[in-house]
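Protein chains: 2
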Amino acid sequence: MPQLPLPDELDELVARANPAVVATARPDGAPHTAATWYDWENGRVLLNMDETRARLQHMRENPRVSVTIFDGDDWGRHVTLLGSVISIDSDGDLADIDRLAVRYTGQPFGTRDRKRVTAWMQPDFWSSWPLPGSLHL
Amino acid sequence: MPQLPLPDELDELVARANPAVVATARPDGAPHTAATWYDWENGRVLLNMDETRARLQHMRENPRVSVTIFDGDDWGRHVTLLGSVISIDSDGDLADIDRLAVRYTGQPFGTRDRKRVTAWMQPDFWSSWPLPGSLHL
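Chain order of the listed sequences is A and B.
Be aware that the first sequence starts at 1, since it is given in the working numbering, and climbs by one per residue.
Be aware that the second sequence starts at 1001, since it is given in the working numbering, and climbs by one per residue.
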């Protein structure tokens, strides 16, 4: 699989607010998937979770993650990023989940009384369908 | 997480030809994701891959898989199935990939000169968003 950075046309796809799935590894080695909001900044993926989410515990024990992002306007197009979580921090003021909520819904996050946690993922490799160059975005 | 069978409203969602992501575990324990076609029959998930796909090798070594399925008409709705691959067989006559291609595109699969492999997944647990009962399909 090719390494980052992404070709421009895939970078542009990933930069939009698209549907995505993040996979983590459970302690027993089984993969675990969850639909997720994300943001894309300087080649890194912003993820944010309620502090009770299983995938947060998985990330703390095994930072390897994989994210598949669909083009929300044409779900025959998708990009997968394999990499690792490089930081996990409390989203104490809900700034990161608000950033994601505004990106996806246009409004701040509705639930204000739950603790949230932010994880930044550094992708190492990518794949896409179709291959870049056959995408006409 | 609740066990199968799925509530009727989620069974109906999963039965439609929706966008999905399948996660496998690499031999080094890292999760790996890929967008996939699938079908749903008697509570099991049909997957089909070109025989060179990394995820096929992963499944042969570790049968645990996780699949997240979006409602293609409403990205905010999704179902995740955690389980194991219970069979892996050659799709010698391409019947299974044709079944998936017809389901998703209305036509048999275009590529006829590549070997394909079918895997059936038996889900053990599910989760969904929103919770069943708040879905009005």
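Hint data in this document are derived by calculation from the structure and do not stem from the laboratory.
Some hints here could point you the wrong way.
Partial pick of chain A residues on the chain B-facing surface, computed with a CB cut under 10 Å [unchecked claim]:
(1) ALA20
(2) PRO31
(3) ALA34
(4) VAL65
(5) VAL67
(6) THR80
(7) LEU82
(8) SER84
(9) ILE86
(10) SER87
(11) TYR104
(12) TRP120
(13) SER127
(14) TRP129
(15) LEU131
(16) GLY133
Being a predicted model, the structure only gives us computed values, none of them experimental.
The C-beta atom is built at its ideal place from N, Cα and C for all residues, glycine as well.
Quick rundown of the hints versus the structure:
1. ALA20: Constraint on ALA20 of chain A satisfied, holds at 9 Å.
2. PRO31: 4 Å, holds
3. ALA34: 6 Å, holds
4. VAL65: 6 Å, holds
5. VAL67: 7 Å, holds
6. THR80: 6 Å, holds
7. LEU82: Holds. Min distance 7 Å.
8. SER84: 8 Å, holds
9. ILE86: 14 Å, violated
10. SER87: At 18 Å from the nearest chain B Cβ, SER87 of chain A fails the 10 Å test, so the hint is violated.
11. TYR104: Holds: closest Cβ of chain B sits about 9 Å from TYR104 of chain A, inside 10 Å.
12. TRP120: Result: violated, 17 Å to nearest chain B Cβ.
13. SER127: 8 Å, holds
14. TRP129: Holds, because the Cβ-Cβ distance from TRP129 of chain A to chain B comes to roughly 7 Å (cut-off 10 Å).
15. LEU131: At about 14 Å, which exceeds the 10 Å cut-off, the nearest Cβ of chain B leaves the hint on LEU131 of chain A violated.
16. GLY133: Constraint on GLY133 of chain A not satisfied, violated at 19 Å.
In summary, the numbered hints that this structure violates are 9, 10, 12, 15 and 16.
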